[in-house]
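Participant: Here are the chains, one letter per residue:
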Amino acid sequence: MKSYIVKRLLQLIPIIIGITLLSFAMMRLAGSDAVNEMYAKQGAIVSEEVIQKARAELGLDKPFIVQYFIWLGNLFRGDMGVSYISGKNVFSTFVSKLPATLLLTLMSIILTVAVSLPLGILAAVKQNKVTDYIIRFCTFIGNSMPNFFIALLLMNLLAIQLKWLPVMSSGTNFVSGIMPTLTLGISMAAKYTRQVRATVLEELDKEYVTGLKAKGVRGAVILWTSVLKSSMLTIVTLLALSIGSLLGGTAIVESIFMWDGVGKLAVDCISNRDYPLIQAYVVWMAIIYVGVNLVTDILYHYLDPRVRLGGIKD
Amino acid sequence: MEDIITYDNVEISYRGKPVVQDVSFGVKKGEILGIVGESGSGKSTIIKAAMGLLGDVGLVTKGDIWFEGKNLPDLSEKEMRKINGPKLSMIFQNAVGAMCPIRTVGAQIYESLKEHGHDDKEEFKKNAIEMMAKIGLTDGERVLESYPFELSGGMNQRVAICMAMLMNPDILFADEPTSALDVSVQKRVVEEMVQMRDHFNTTIIIVTHNIGVVRAMCDTCLVLQHGDIMEYGDAKQVIDNPQNEYTKKLMDAVPKLKKAV
Amino acid sequence: MEDKNDEVKKTKEKLTDKSKKAEEKAAKEAAKAKERAEKEALKAKRKTARDSERSKKMVEKLAKKKAKAGIYAETIENVASSGTSAIHYLSPEDNPNLEITDDTILVVNNLTKVFHKKGQGEFTAVDHVSFTLNKGECLGIVGESGSGKSTIVKMITRLLDATEGTISLNGKDVTNVKGKDQRELYKNIQMVFQMPFDSFDPRHNLGCGVGESLRNNGMSKEDTNKRVAELLEMCGLEPEFASRYPHQVSGGQCQRAAIARAIAIDPEILICDEATSALDVTVQRQVLDLLVELRKKLGMSYLFISHDLAVVQQICDRVLVLYHGKIVETGTPDEIINSPKDPYTKNLVESVL
Chain G
16 MKSYIVKRLL
26 QLIPIIIGIT
36 LLSFAMMRLA
46 GSDAVNEMYA
56 KQGAIVSEEV
66 IQKARAELGL
76 DKPFIVQYFI
86 WLGNLFRGDM
96 GVSYISGKNV
106 FSTFVSKLPA
116 TLLLTLMSII
126 LTVAVSLPLG
136 ILAAVKQNKV
146 TDYIIRFCTF
156 IGNSMPNFFI
166 ALLLMNLLAI
176 QLKWLPVMSS
186 GTNFVSGIMP
196 TLTLGISMAA
206 KYTRQVRATV
216 LEELDKEYVT
226 GLKAKGVRGA
236 VILWTSVLKS
246 SMLTIVTLLA
256 LSIGSLLGGT
266 AIVESIFMWD
276 GVGKLAVDCI
286 SNRDYPLIQA
296 YVVWMAIIYV
306 GVNLVTDILY
316 HYLDPRVRLG
326 GIKD
Chain W
1235 MEDIITYDNV
1245 EISYRGKPVV
1255 QDVSFGVKKG
1265 EILGIVGESG
1275 SGKSTIIKAA
1285 MGLLGDVGLV
1295 TKGDIWFEGK
1305 NLPDLSEKEM
1315 RKINGPKLSM
1325 IFQNAVGAMC
1335 PIRTVGAQIY
1345 ESLKEHGHDD
1355 KEEFKKNAIE
1365 MMAKIGLTDG
1375 ERVLESYPFE
1385 LSGGMNQRVA
1395 ICMAMLMNPD
1405 ILFADEPTSA
1415 LDVSVQKRVV
1425 EEMVQMRDHF
1435 NTTIIIVTHN
1445 IGVVRAMCDT
1455 CLVLQHGDIM
1465 EYGDAKQVID
1475 NPQNEYTKKL
1485 MDAVPKLKKA
1495 V
Chain V
6 MEDKNDEVKK
16 TKEKLTDKSK
26 KAEEKAAKEA
36 AKAKERAEKE
46 ALKAKRKTAR
56 DSERSKKMVE
66 KLAKKKAKAG
76 IYAETIENVA
86 SSGTSAIHYL
96 SPEDNPNLEI
106 TDDTILVVNN
116 LTKVFHKKGQ
126 GEFTAVDHVS
136 FTLNKGECLG
146 IVGESGSGKS
156 TIVKMITRLL
166 DATEGTISLN
176 GKDVTNVKGK
186 DQRELYKNIQ
196 MVFQMPFDSF
206 DPRHNLGCGV
216 GESLRNNGMS
226 KEDTNKRVAE
236 LLEMCGLEPE
246 FASRYPHQVS
256 GGQCQRAAIA
266 RAIAIDPEIL
276 ICDEATSALD
286 VTVQRQVLDL
296 LVELRKKLGM
306 SYLFISHDLA
316 VVQQICDRVL
326 VLYHGKIVET
336 GTPDEIINSP
346 KDPYTKNLVE
356 SVL
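Protein chains in written order, with this note's numbering: chain G, 16 to 329; chain W, 1235 to 1495; chain V, 6 to 358.
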């Protein structure tokens, strides 16, 4: 098991190199650079010399590959560089925004699971009855609304009309986090309720449910012990993917609510062409996805004995 | 002797379409009845109806199934749950499929016993291992800790029989229990089931398309075609001396091993 | 006068210069041409040398391959179950287990398949199996699950690679054929599978499935349709079945369509892999009768795999009994059933209910 984990973690290295090289290249292709953006935002028209000097200061005049390898070398020494825009250390800037995103991720996932699991199971058990139709209708609506729309609706309802919650988040605390969590939670729950329903329905169709009924086992017991355990595998996979994207920061939701997390940071630094910060973000995404996939595979190992054992005794 | 279970003019329909019509027969305690027919004859439907396993789409539309003075199709789900397991039990063709694949065999057996009030883990283990030894599974403890996919087909079927017999039911229904097994294993399982009957005096109703199995273990035989009873009587009579045209055709078509006398 | 002489001299010199230059040029060209020619000659020499080396290497390789295929370490193993010994033989002609006559069309010699499972070691599914199939014969292969009968068939039809041993069809070695040769093989060997519905593409009707091999071999649509109707009739189905889908017909009808599909390109050998095991008893009877009739009519040879001895007794001329990947007994069905020599065969015969 250990060697398997180590092997997977070692895969991080080529992945990070590949992703960062790609993003480096794409940023260059997108045209413009930090200096131009800086002066464009300031609205100042400066002479070429000043621009070139600024470029040379930041090392932007060197060829692309050279710039990349300089950055890579620094990375291995633990130095992620300095932001072009703010001049502050990239690593500490980045890390300071992480807790906000982590908190939002945690709260959204809890809300999603708490809503979609029970509703999905209920819809599956009462298939094609009234309850099922109501739940499916609600998920249909939830799925059709884009999350920025839900965000604005919630803002209008809870902050402006009912005045229960503040419009903008005042720091990274629980109260400010309610609306972003609700926004993310509603859109994700709409998706997942359907998924849970489909998975549980599939399991309920399997032969062993009839076998257990033939032993006089109660429906609820069958559900909680056998069906749920089997459904867990699918659900865990889906959750893993969602956590991955949530940890990358949901740029739109964070921006709307001014939630100072990694997603908002990403949007800002990309529009500023703040390369060091962008690269840091890309590295972070790579780490998340490799990490989350690894955790999922390990979980599979423990959840499904067929993966663990897979043999025939005699 | 009185019948322990009686089917009285039973008609069963799936989604409104009758699949089994006007079926009547009775089984005495300790008797082994074989229900034969080809695919689509409705044989599995008949026994599933007794235990309420027809699902949402199947319904007993006419007739009664009498057991212990009660009409089984009339009972509520709660009442059926009390009967399924301790009084009526079933084993299936695909023994592995009938068990949850990601839980150990022991956990599943224990759970079904717990539902009916037998909580004691120690007692359960002892009884289970004893029963398995009777069936021919010598390493009972290891089997209890295994998962269904780790055991072979024959072993799984024996575990299923053991599970079904642990509560000493009055009737054991068997839905094609030997069809998925190898020939030599088939013979042993058939012998073990007859032993169960001899030991516990359990009534067995076995559904199969294999006439050889019927010949080897059944007292009486019922022949079904398209949901109608074609012939019903003593097993040897029905097999060797069929009266009905369809039964004759069926018995003729069965490949028999011709041994030089 | 002197001027003229001078002029003449000058022109003479010019001319001699020119001609000298021309000569030099010509000489240079000649030299160059010579060089080129020499270079080419050298190149050609080197090429032929390389080629001959390459061909030598090839010859050596082939010789090694042949040697590997032909010569095995002559070890004698004890087969635990039957107490008989299995000796690994040289080429098919020298293997006393194989009676090769003029009528023999399929020779399987020392066929072996070893599966390597990660972390679980090796598993020998088929262990040095040798047998022959003669023209017009029906050979039965009997065994329980895990005996290796499906694996043997998969190796013959090249769905699996053999670890050791040879398979030859009409004298040609087909053990490792790929690509075009493999497609040629399929013109002579066809298979009918156990599950009739699963062996058809559910999105295409039966006529499409039956005629697929004909279309693949270049037959036009109209000709294919005509031939498909003929084939379906030969197998006891009305021609209108060609437009039905697999899920719309019964198991027996579907299996008949599968047989029609298999005989469409007139194969020499038809492999029936438990072809009747999933059918109802009455239908089984009909399909078996059909198979017997087709064999007589079309002169095919059958490899009939089954776990049911009674069925094998009905239609096979000879039987092989397989146990854990080895052949433990051979003979006619009556011999095997009435006087089985191997203990496993005895057990098998007695277990039939």
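What the hints contain is simulated information worked out from the structure, not anything from laboratory work.
Treat the hints with care, since some could be wrong.
[Stated by the list, open to error] Within a straight-line C-alpha distance of at most 27 Å, the following computed DSSO-like cross-link-like pairs (lysine-lysine) qualify:
(1) G/K144 to W/K1312
(2) W/K1492 to V/K122
(3) V/K301 to W/K1483
(4) V/K346 to G/K17
(5) V/K122 to W/K1493
(6) W/K1263 to G/K144
(7) V/K346 to W/K1470
(8) W/K1316 to G/K221
(9) G/K244 to W/K1348
(10) V/K301 to W/K1348
(11) W/K1493 to G/K141
(12) V/K301 to W/K1368
(13) W/K1470 to G/K221
(14) G/K221 to W/K1493
(15) W/K1316 to G/K244
(16) G/K144 to W/K1359
(17) G/K141 to W/K1251
(18) G/K221 to W/K1368
(19) W/K1492 to V/K346
(20) G/K141 to W/K1492
(21) G/K244 to W/K1359
(22) W/K1482 to G/K244
(23) G/K22 to V/K351
(24) W/K1490 to V/K122
(25) V/K301 to W/K1490
(26) V/K351 to W/K1493
(27) W/K1492 to V/K301
[Unchecked claim] Here are a few chain G residues that sit away from chain W, every Cβ distance over 12 Å (derived from the structure):
(28) I20
(29) L73
(30) L137
(31) N171
(32) G226
(33) M300
(34) A301
None of these values were measured; they are calculated from a predicted model.
Note that beta-carbon positions come from the ideal geometry of N, C-alpha and C, so glycine has one too.
Participant: Going through the earlier hints one by one, which of them does the structure break, listed in rising order?
Facilitator: 2, 4, 5, 6, 7, 10, 11, 12, 13, 14, 16, 18, 20, 22, 23, 24, 32
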